[in-house]
Amino acid sequence: MKRRFALKAACAALAASGLVSLPALAADTIKVGILHSLSGTMAISETVLKDVALMTIDEINAKGGVLGKKLEPVVVDPASNWPLFAEKAKQLIAQDKVAAVFGCWTSVSRKSVLPVFEESNALLFYPVQYEGEELSKNVFYTGAAPNQQAIPAVEYLMSKDGGSAKRFVLLGTDYVYPRTTNKILRAFLHSKGIKDEDIMEEYTPFGHSDYQTIIGKIKKFAAEGKKTAVVSTINGDSNVPFYKELGNQGLKATDVPVVAFSVGEEELRGVDTKPLVGHLAAWNYFMSIKNPTNTAFIKEWSDYAKAKSIAGHKDKPLTNDPMEATYIGIHMWAQAVEKAKSTDPDKVIAAMSGQTFKAPGGFTSTMDPKNHHLHKPVFIGEIKSDGQFNVVWKTPGPVKAQPWSPFIPENKGKKDEPVINVAKK
Amino acid sequence: MIRHLLRVVAAVLVLVAASAHALTPEQALAMAAGDNDSRIAALNAAAASGDPRVAALVQALLDGNVKVAGEKAFIVADDGKAVDAASGAPATVPDGADDVSNNNRMRSALEAALAGLRLISSDVGVRGAAIAELAKSSLEESQLPLIEKAFAAETDDVLKARLERMRATLLISSSDRSKRLAAAAELAHSNQSAVASLLQERLAADAESDAEVRAALQQALSSVRARLAWGERLAVVFTGISLGSVLLLVALGLAITYGLMGVINMAHGELMMIGAYTTYIVQNIFRSYLPGAFDAYMLAAIPAAFIVSALVGAVLERGVIRFLYGRPLETLLATWGISLVLQQTVRSTFGAQNVPVENPSWLSGGVEVMSNLVLPFNRIAIIAFAFVVLGGVALLIARTRFGLFIRGVTQNRRMASCVGVDTAKVDMLAFSFGAGIAGLGGVALSQIGNVGPDLGQSYIVDSFLVVVLGGVGQLAGTVVAGLGLGVLNKLLEGVAGAVLAKIAVLVFIVIFIQRKPSGLFAMKGRSAEA
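Chains A and B, in that order, give the protein sequences. Heads up, my numbering is the position in the first sequence plus 1, with the first residue counted as 1. Heads up, my numbering is the position in the second sequence plus 3, with the first residue counted as 1.
Everything labelled a hint here was simulated from the structure, so no lab data went into it. One should not assume that every hint holds.
Listed next, the in silico BS3-like pairs over lysine-lysine satisfying Cα-Cα at most 25 Å (straight line) [claimed, not checked]: (1) LYS385/A / LYS505/B; (2) LYS505/B / LYS184/A; (3) LYS75/B / LYS291/A; (4) LYS184/A / LYS112/A; (5) LYS428/B / LYS218/A.
If the Cβ cut is set under 10 Å, some of the chain A residues that face chain B in the computed set are [as the list claims (entries may be wrong)]: (6) LEU39; (7) ASP162; (8) GLY164; (9) SER210; (10) SER239; (11) PRO276; (12) VAL278; (13) THR365.
Just so you know, these numbers come straight off a predicted model, no measurement behind them. The C-beta atom is built at its ideal place from N, Cα and C for all residues, glycine as well.
Next comes chain B alone, as it looks inside the complex:
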């Protein structure tokens, strides 16, 4: 304990001696070595000086590029070149130098210090980013002078207002009552979840004693909460649509093969799995042969998955299903058998374990809409993809000659045949088309979940539910049912948890189908019997 205190004192002494001057070797060492308390003390003191070398060192510490040997700290760039952390002069790192590692506490202190240093940058953009960064973290008392300094120097009105709010998060625990009141009023305008938890903390029984300040805090908290509630509501809607679009994608192929053609295809899930494995193969080809264009592998995977799944679908239709038209029970059993064969084939070829499909970098991360609402790029991309595929299918069915044939054959096979349509060919093409769409679903699934031989199993029930609920033979019904089930599932999940939500949705579907056996969008007229 005493040693620990001594270290802190030593660190502080060093800093006092060196403050407002260039970074000294002692300072650099104190920031890189020792226990976390003394390192953070050294860091905050050094950061107050505003020396650009400090920013470089802090950044290097965050990147894990700092080594310590003897009494010196070195920054080692990725290419192996080292510089002295204090002077910036080129240096050689002695053998046996230790890597500096940071834990979460140290890292958040480093991040806050770096953002603090950037607050006094001359570039408005850098300052804005630094303020956004700082607003998310919980500040420490010792950072107040820095923020005061930045606030006084700030010329941009918008940034000044944001700095004032940030200052308020520290002043809220000031000993001056009027400052606390002003801070509470200021914080009422915030939309940060960090501020909500700060206010909540101040409202704890032992934190704030003044009645008037408490009232102001309470008011500020409810207005921040009201703003955050919007983020939460939007998040439920977004996650619901996102799940719905996944359901839509997996059910769309089935809406054609089962909905229009009436084939109960239990191997539908496996066609998706084939699409996902095709994505995996395309990814591997890009990684080996075109590493520079790796991020673009999705563009090649989409048509590849469509073609591979469609080909498998064509083989299935020609080889098995065409002999079973009009015999649903046999079709069900035969396709279920096929699904097992496909699973085992994949298991024997690629192994029973899941295969890793990496997201391209443009599908990683997300866009922050509000402080508590981040929309991940992969989810956005899947929603867009689902609607593009949907649009394509709808156009093809409603506007093209091929679509006309499909509708004609499914509505009245004999009449279509009489007027010269090659019904066998249309059957095959329609089935392969549905299979290809399933393959596209597989591409989407590979980006959000695991790719393994059992992938199809977890979605086959969902996709039948969506098609049946929407009304067999109705594309619009599939869309409404997919999105509806997605949002309903997410709403329930928010209230009851994932396990109960799943059960509740199934119960809902059972009751719904009993009441309305032909689904949401029942076909009208005599053609419904066909």
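Chain A on its own, in the form it takes in the complex:
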């Protein structure tokens, strides 16, 4: 009897403290949500985005915050579980009343939260390259659209320096991003005169760990004709077994180069990169890019990782493209809030257009006045033996995003700005 009473009392005390403390904090801070998988198959990529977001928020707070108020991050873990993303997004918006959410990596998670953000007219900043074919008023896309990553990468593979590839293996994880990207790439390759028999498409489930057959198939396909290249849209921790198998089976970059769109410095951390030298990745940022802004960004991250003793990064700090995109996204949002003098989503959306930010990638990134995407430079890097990338090709300057790919015929005539559906609301 006594024990039960004690339990009840404890519960009541907990509930009370929760109720009392929340409103007290909300008065003098602005809450922002961080929605990244901290467990499950995507944790390999997303965990560090949570940390870099916290670092950026600390940085902004150290300079006095936004509108004179400190930012207060609310971190949730949707655990690589797509429906859970929507649930957690609802919680952030309805319960925590956050001013904006920074999060998502896979397109399937973004598609899952999209209705939540549109319905409650909230703001999502999405920091990862994706397949395009989407333009929501409530989302700012700070990663690359296909014309800022996939298309230039394939063009490079077809160039003399990229190995004049004539046959392509489109390899990906089985979900919306790889399927759509490969649809666009297939249409693009057709436009370059490459026939269907010279294109092989392969998909594996999330978390797939046995790449023996796939590598065997690539070898066979490569032996059946001219120079072959692989375009990989494999996402998450499957990349580790994929690259291990690639190295063990001795498929060298000089024979069959693999260009990846979701593999950066962080994903290669646990992999022996010596057999992988020369395989490629296309991004809008690499850690190895040399300029003062990037040096400062890397230093800030290294110090932060050491101070917070972030696993892995405290000994070997690494930065990558989605980290840069997260960093840009949060800063631009803060600038827009200052400009709008309000955190009201509609006012912030209006203030976002044309925002600029000096990005660690070495260029000033501009938010397009209309299409909610950044103008970004494109880099192609080859993996070096130390797990870093050697930039072998880059665009002369930032490129405007085309969310609606011109290579998909149905996109003809679609507007390059979010369509606000009046009938729906």
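Please arrange chain B on chain A, whose structure you already have, making use of the hints.
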């Protein structure tokens, strides 16, 4: 464009002036700086001279040890000592020297040039390795003189024949029709996939116009393809056995705890995960305290994982499962709960992210059996390991006193107890033994996949499938089912892709279990009811 042309011309001029002489500083610079076209031209011209300094420079370029400052190229060794690339004399690198970086195109040109230089080595072994290296790459027209030279000088019959074949890959596009015919006939003996794609390319509509040569090419292509097909078939069998041996390893522990003892242990996957995390810890201990013996960490990880998992198994059996014997539904729920507890414990201790387990160097890489069949060492090791563990389990069950007790207790508990067997102790030992085997499975999994708190989840279904399909209580059934499912999965994956193959295998198992509910190897006689 003009500047680019000028550079090429300059490079070539420099080379012509210096050819057949020692490497000049201008030559060294032309190989290290400029655009790829001029660098490759400079490289191939310098390589033709056969100067040993060229080989040293090419090797250094490949290793990324070359710096350029002003008008000079330097080779910087790992210890920081620098030499002048052309003369080989010690030198100091000026500040602000740029690293020379190579892209894939440059690297393959460098590799081919290096192999070319080694073709004229006096050591037969070096020459053989160089030929093997060159056979895999696609050669450039400009390398023909070098190969002709090596061919003329070659004394070893086997190598001479291989050089002739290599020469044929270049002569196949010669302007002389008879040379092309001879080359096609020669290439028919090849077993290289590079040759297959070369022949395919020559057969394209715009490449070869002569009908007779086309026929010869076609014939050569089909005989090369036939040889390569064997490599592909063997690869399917190997990958199937490899996947099968993984399935066997993960199911073997379950074959004891579920198959023999009848405990539906949903925490079996977590016992594997514990084995994998033990490997991770042992690896970290070796890295911190015995970095010199890092490659041997696996030898310590195997017994450690067995013991840790077996201990956890013993605690589980004594703490929970022994109260639930004969109540399968409660066991299922209780062990499932335990699996969640174990996962969360690991997540809280090691973090939710995967932990990196590095392969020891002797498990990286592979052995090339045929040009399109490379057997990775880690896969070979896991197949061998699976069979060693299997042999150990089979011996223990069939030949030892402990095995006799396990069989006795599982077949007739009351009778075993009557004749003086301590059945509770046997239960505990048998369960821990099964758990220990699961831990060994975890060691193997850590070498091929990701180690994270969810590791067990992805294998628990597979391991139950294998045990049920093989026939509960039958070790032989587990072996056949594990290997069979592995090969079947890989055969289907080759045809239908990974996603569909997984579905097809599950459908197959559903149908099979409906037809034969007691599995492949059904127990015969009255004991089956027990």
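We went through each hint and held it up to the structure:
1. Taken as a hint, the LYS385/A and LYS505/B pair is broken in the structure, with Cα atoms around 35 Å apart against an allowance of 25 Å.
2. A distance of roughly 24 Å separates the Cα atoms of LYS505/B and LYS184/A; the hinted pair therefore holds under the 25 Å criterion.
3. Distance hint between LYS75/B and LYS291/A is fulfilled; the C-alpha atoms sit about 24 Å from each other, no more than 25 Å.
4. A distance of roughly 18 Å separates the Cα atoms of LYS184/A and LYS112/A; the hinted pair therefore holds under the 25 Å criterion.
5. For a cut-off of 25 Å, the pair hint linking LYS428/B to LYS218/A is broken: about 51 Å separates their Cα positions.
6. Interface hint at LEU39/A: satisfied, since its Cβ lies 5 Å from the closest Cβ of chain B, which is below the 10 Å cut-off.
7. Satisfaction of the interface hint for ASP162/A is found here, the shortest Cβ-Cβ separation to chain B being roughly 5 Å, below the 10 Å cut-off.
8. At a threshold of 10 Å, the smallest CB-CB gap from GLY164/A to chain B is about 6 Å, leaving the interface hint in force.
9. Taking 10 Å as the C-beta contact cut-off toward chain B, the hint placing SER210/A at the interface holds, the least distance being around 4 Å.
10. For the restraint placing SER239/A at the interface with chain B, the shortest Cβ-Cβ distance is roughly 8 Å, inside the 10 Å limit, so the hint holds.
11. Because the closest C-beta pair between PRO276/A and chain B is about 7 Å apart, less than 10 Å, the hint holds.
12. Taking 10 Å as the C-beta contact cut-off toward chain B, the hint placing VAL278/A at the interface holds, the least distance being around 8 Å.
13. Here the hint on THR365/A is broken, as its CB sits about 26 Å from the closest CB of chain B, past 10 Å.
The structure does not agree with the numbered hints 1, 5 and 13 stated previously, though it agrees with the rest.
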